[in-house]
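Everything in the sequence shown is counted per our numbering, starting at 213 for the first residue and increasing by one.
Note that these hints are calculated values from the structure, not bench results.
If you're wondering where the values come from, they're calculated on a predicted model, not measured in any experiment.
Be careful, since some hints might not be right.
[To be verified] Lysine to aspartate or glutamate pairs mimicking DMTMM-like chemistry, simulated, CA-CA at most 20 Å apart: (1) Lys-261 - Asp-238; (2) Lys-235 - Glu-217; (3) Lys-261 - Asp-299; (4) Lys-295 - Glu-253; (5) Lys-288 - Asp-299; (6) Lys-265 - Asp-246; (7) Lys-288 - Asp-246.
[To be verified] The calculated label-pair distances, taken between Cβ atoms and stated as ranges, are: (8) Pro-268 - Ala-243: 42 to 48 Å; (9) Val-297 - Arg-270: 58 to 64 Å; (10) Asp-299 - Asp-232: 29 to 35 Å.
Even glycine gets a Cβ: it sits at the ideal position worked out from N, Cα and C.
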Amino acid sequence: MNNSELAEQIAAGHDLSKADARKVVDAVFAAITDAAAAGTEVSISGFGKFKVKDSPAREGRNPATGAAMTIAASRKLGFSPAKAVKDKLNG
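Let's have the full structure, built from the sequences with the hints guiding it.
Written out as structure tokens, the structure is:
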């Protein structure tokens with residue numbers, strides 16, 4: 213499911229135009245992205261938590277040449293589903 217399909221499903225279920233539903237979907241994802249960029253954990257009740265994790269710099273190998281290289285430190289966005297989501301996925 214992509215953003216447009218999600219917006220269509222929301223529009224159909226809540227008497228909104230597709231354009232308005234798309235604006236809502238985009239605003240929700242923008243808010244999550246902004247909070248994550250600020251390092252804030254985003255917890256959505258009944259769905260799960262988005263949390264920023266720091267990945268330190270490390271040594272790696274270039275798979276093509278085998279040469280050693282340094283992989284830069286980075287920040288990653290992790291997701292932990294809520295119990296209700298896990299239960300629904302696993303029957």
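Hints, one by one, checked against the model:
1. Restraint check: the Cα-Cα separation between Lys-261 and Asp-238 comes to about 18 Å, which is no more than 20 Å; the hinted pair holds.
2. At most 20 Å may separate the alpha-carbon atoms for a hinted pair to count; Lys-235 and Glu-217 meet this at roughly 13 Å.
3. For the hint linking Lys-261 to Asp-299, the alpha-carbon distance of about 16 Å falls within 20 Å, and the restraint holds.
4. Note on Lys-295 and Glu-253: the hinted pairing holds, with a Cα-Cα distance of about 18 Å set against a maximum of 20 Å.
5. Between Lys-288 and Asp-299 the CA atoms are separated by roughly 26 Å; this puts the pair beyond 20 Å, and the hint is violated.
6. For the proposed pair Lys-265 and Asp-246, the alpha carbon gap of about 15 Å is at most 20 Å, so the pair holds.
7. Restraint check for Lys-288 and Asp-246: satisfied, since their Cα atoms lie roughly 14 Å apart, inside the 20 Å limit.
8. Taken as a hint, the range 42 to 48 Å is violated for the pair Pro-268 and Ala-243, whose Cβ atoms sit roughly 28 Å apart.
9. Between Val-297 and Arg-270 the beta carbon distance is about 31 Å. The supplied range of 58 to 64 Å is therefore violated.
10. A beta carbon spacing of about 32 Å between Asp-299 and Asp-232 agrees with the range 29 to 35 Å that was offered as a hint.
Consistency note: the structure conflicts with the earlier hints numbered 5, 8 and 9.
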